[in-house]
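Engineer: This is what each chain is made of:
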Amino acid sequence: MSTLLEVSGLSRSFGSVQAVNGIEFSVGEGRCVALLGPNGAGKTTTIRMLAGLLKPTSGAIKYAGQSERADVREGIGYLPQSPAFYPWMTGLEFAVYAGKLCGLGGREAGRSAGEWLERVGLKDAAKRKIGGYSGGMKQRLGLAQALIHRPKLLIMDEPVSALDPVGRREVLELIRELKRETTVLFSTHVLHDAEELCEDIIIINKGDIALQGSLEGIRNSYRKPIIELTMEPDEGSSRWARELVASVAAGQGGSNPLLADAMLQGNELRLSVREMEEARSHLLRSIVDNEVKLVRLQAGYSTLEDLFMKVVRI
Amino acid sequence: MSKGGKKGGTSRYGALLGKEMLELARSMKLVWVPLVFVALGIMQPVSIYYMPLILEHGGNLPEGTVIEMPMPLPSEVMSGTLSQFGVIGILVLVLVYMGVVSGERSSGTASLILVKPVSIMAYLGSKLTAMLLLALLSLLCGYLAAWYYTDLLIGKFAFGEFLGSFLLYGLWLAFAMAATLLFSTILRSSAGAAACVLVLLALLSIAANLAPHFAGWLPGALNSYAAQAANSTIEYTDVFVWVIVCTVLLIAGAYALSCTLLRNSATID
Numbered sequence: 001m002s003t004l005l006e007v008s009g010l011s012r013s014f015g016s017v018q019a020v021n022g023i024e025f026s027v028g029e030g031r032c033v034a035l036l037g038p039n040g041a042g043k044t045t046t047i048r049m050l051a052g053l054l055k056p057t058s059g060a061i062k063y064a065g066q067s068e069r070a071d072v073r074e075g076i077g078y079l080p081q082s083p084a085f086y087p088w089m090t091g092l093e094f095a096v097y098a099g100k101l102c103g104l105g106g107r108e109a110g111r112s113a114g115e116w117l118e119r120v121g122l123k124d125a126a127k128r129k130i131g132g133y134s135g136g137m138k139q140r141l142g143l144a145q146a147l148i149h150r151p152k153l154l155i156m157d158e159p160v161s162a163l164d165p166v167g168r169r170e171v172l173e174l175i176r177e178l179k180r181e182t183t184v185l186f187s188t189h190v191l192h193d194a195e196e197l198c199e200d201i202i203i204i205n206k207g208d209i210a211l212q213g214s215l216e217g218i219r220n221s222y223r224k225p226i227i228e229l230t231m232e233p234d235e236g237s238s239r240w241a242r243e244l245v246a247s248v249a250a251g252q253g254g255s256n257p258l259l260a261d262a263m264l265q266g267n268e269l270r271l272s273v274r275e276m277e278e279a280r281s282h283l284l285r286s287i288v289d290n291e292v293k294l295v296r297l298q299a300g301y302s303t304l305e306d307l308f309m310k311v312v313r314i
Numbered sequence: 001m002s003k004g005g006k007k008g009g010t011s012r013y014g015a016l017l018g019k020e021m022l023e024l025a026r027s028m029k030l031v032w033v034p035l036v037f038v039a040l041g042i043m044q045p046v047s048i049y050y051m052p053l054i055l056e057h058g059g060n061l062p063e064g065t066v067i068e069m070p071m072p073l074p075s076e077v078m079s080g081t082l083s084q085f086g087v088i089g090i091l092v093l094v095l096v097y098m099g100v101v102s103g104e105r106s107s108g109t110a111s112l113i114l115v116k117p118v119s120i121m122a123y124l125g126s127k128l129t130a131m132l133l134l135a136l137l138s139l140l141c142g143y144l145a146a147w148y149y150t151d152l153l154i155g156k157f158a159f160g161e162f163l164g165s166f167l168l169y170g171l172w173l174a175f176a177m178a179a180t181l182l183f184s185t186i187l188r189s190s191a192g193a194a195a196c197v198l199v200l201l202a203l204l205s206i207a208a209n210l211a212p213h214f215a216g217w218l219p220g221a222l223n224s225y226a227a228q229a230a231n232s233t234i235e236y237t238d239v240f241v242w243v244i245v246c247t248v249l250l251i252a253g254a255y256a257l258s259c260t261l262l263r264n265s266a267t268i269d
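Each protein sequence line maps, in turn, to chains A and B.
At position 56 of the first sequence the residue is numbered 56 (UniProt numbering), and the sequence of numbers has no breaks.
At position 161 of the second sequence the residue is numbered 161 (UniProt numbering), and the sequence of numbers has no breaks.
Accuracy of the hints is not assured; some may be wrong.
Listed next, the in silico DMTMM-like pairs over lysine to aspartate or glutamate satisfying Cα-Cα at most 25 angstroms (straight line) [said to hold, decoys possible]:
no., chain 1, residue 1, chain 2, residue 2
1, A, K206, A, D306
2, B, K29, A, E93
3, A, K152, A, E173
4, A, K179, A, E199
5, A, K129, B, E23
6, A, K127, B, E23
7, B, K156, B, E76
8, A, K129, B, E20
9, A, K224, A, E173
10, A, K129, A, E93
11, A, K138, B, E23
12, A, K293, A, D208
13, A, K123, B, E23
14, A, K138, B, E20
15, A, K138, A, E235
16, A, K127, B, E20
17, A, K310, A, E291
18, A, K152, A, E195
If you are wondering where the hints come from, they were derived from the structure by calculation, not from laboratory data.
Construct all of the structure, not just a fragment, from the sequences and the given hints.
Structural biologist: Laid out in C-alpha cells, this is it:
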C-alpha cells in the first residue's frame, strides 16, 4: 500500500487557542479514513488545512508524487461542512462550472457533469435552481462538484451530520460506492458512520491525536472483557456498588486484582475485568453475601463506543 | 485523470468571467444599473430645459412674474451630467459591488471555488473585468441618453468632446471599481468596504479641487479633466499625462495588492 498523503507536525493556533497541536498521520492510497472526534476537537481546522484553505501555523502536508510546481489542488476534491452554492445557478450549471475550473474543456465538463449528477441522483433536478434544493440535494451536488475532475483524494467535512435520516442514508451509500474508486478522508463526530464505512480511523481530541490505526487492529487490541450490572435502587445495593467502585479507585487494582476499572451510573455498574471467569464468580459470591438486589448481569466485550468515550473524555 | 481535456489558465479565467456575467444577467443588474445611469443622464438636460416652467409652477411666486434664464451651453449640460454620475452613479456601483469578494468569502462559496486549481489572479481578475464592464456599459448608456436629450432640447454637442470626456470619466469609474475590489478583499464587512471606498473617492476629488498643485496628478483630477474635455477647454499638459499614467498604475496596483492579500491571508475563504 503506497502512501497518498503524509501529514507531519501539523499545528494551527487561533490567537492563544491551540486548535490543532502537532498531529501526524498518513493516508494510504485507496483507503477510507475517518477523522473522528467530539465537537471542537480540531477536525474542521485539520480538514481545512488539508484542502489548502487555511495555512498551518507549522508543520507539513505532503501529497505523494507531488512535484514542486504542481498544484496540489488538481488531485483533491473537497466538500465543506455546509456547501454554499450560488442560488441563482442550476445544479447542472454549477457542476459544469466546477468542471471548467478544474481545467476540463467545455464539452468534457458538460459530459462529466451530466454523468456525476446522474450518479448522485440529481438528474431530474439538474435544470432547477440550487436555491430550491433541499439540504440532502445540496450535499449530493457538493459531492458531484468535488468529484467532477476525478480527484485522487476526496476530503469531506462532516458530510452527513446536517442531514435527516433519509438524506444521511443516501449520502452514506454514495460514499460507500465512491470509496471503491478513490481515496476518501472524512471527518465525523459519529462513531457509527466511521465504523460503517472506514478501514482506518484517527481519533482526535483537543487538537491531539488520541488514537489511530486500522479499525480491525484497534478493535482487536483494545477489546476488553466487561461485566455490566443493573440493580434495584435500594440503599443496600447502592452502598455495595459505591464501595466496590471506591475500592477499585483506591487500589488502582492492587487490592482488587480482578477489576481494572469500575464506573457507576445510576443503578448501572460497568466493570472492566482482567480475568473473566474468576471475576464473575467473585462478583456473584459478593452479590449473594451482600444481598444485592440484582436486576441484570451481562458479561461481554467492550465496544468501540466505549473506547471512543474513554479516549475522548481524557 | 484524463489529460486530453485539460486546458490552461485562460479557459479558467473565461469560465470565471462567464459566471460573473451570468450572475449580472440573472440578478438583473445588467439592466437596472445602466437604467439608473440613463435616468440620471436624461434628468440633467430635461430639468435644465424645463427649469423656468418648474419654477413658475412650483414656487410661491406672485402672478405675472417673468422668469428668464439664459439657456446653458450643451457642453455645460454634459459636464453637469458627469457630476450627477459622480454622486449617485458611483454610489450605486460601489453598493452593487461592495461585497464582491467579502460576500463570497463569508457565504462560503469562495471555499468551493478556491479549492479548485484556480489561480487567485484569474479569480479576482474575472471579478474586476465584470466590474469594469458593468461600470463602462452603464456610463455609456447614461451618457448617450444625456447626449441625445441635450441634442434634442439644448443644442449640438460634438462627437470628439463626447468621446474624450467619456474616456476620461470611464477611467475615474475604473479606478473606483478597482478600489472597491481592494477594500472588499481587505475588509470582511461589505458596508465597511463601501464606506472606505466612498470616503477615499470623496477625498481624492476634494483634494484635486482644493490643491490642484499638490494633488493634481492623482485620479481625483480626472473629474475636472473630463468636464474640461466636455467644454473643449482641456489642456494636454504634462500633468494630464501624469494623471492618466498614475490612475492606470493605481488600478493595476490595487488589483495586484488584492491578489497578494488574498493569497497570503491566513484563511482564504
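Engineer: It remains to establish, for every hint, whether it holds in the given structure.
Structural biologist: Hints, one by one, checked against the model:
1. K206(A) to D306(A): At roughly 18 angstroms apart (the allowed maximum being 25 angstroms), D306(A) and K206(A) satisfy the hint.
2. K29(B) to E93(A): holds (20 angstroms)
3. K152(A) to E173(A): holds (20 angstroms)
4. K179(A) to E199(A): The hint holds at about 10 angstroms.
5. K129(A) to E23(B): Cα-Cα ~13 angstroms, so holds.
6. K127(A) to E23(B): Satisfied, since the Cα-Cα distance of roughly 16 angstroms is no more than 25 angstroms.
7. K156(B) to E76(B): Distance of about 12 angstroms is within 25 angstroms: holds.
8. K129(A) to E20(B): holds (17 angstroms)
9. K224(A) to E173(A): violated (31 angstroms)
10. K129(A) to E93(A): Holds, at roughly 9 angstroms.
11. K138(A) to E23(B): holds (19 angstroms)
12. K293(A) to D208(A): Violated. K293(A) to D208(A) sits at ~43 angstroms, over the 25 angstroms cutoff.
13. K123(A) to E23(B): holds (23 angstroms)
14. K138(A) to E20(B): holds (21 angstroms)
15. K138(A) to E235(A): violated (55 angstroms)
16. K127(A) to E20(B): With a Cα-Cα distance of about 19 angstroms, the restraint between K127(A) and E20(B) holds, given a limit of 25 angstroms.
17. K310(A) to E291(A): The hint is violated at about 32 angstroms.
18. K152(A) to E195(A): holds (22 angstroms)
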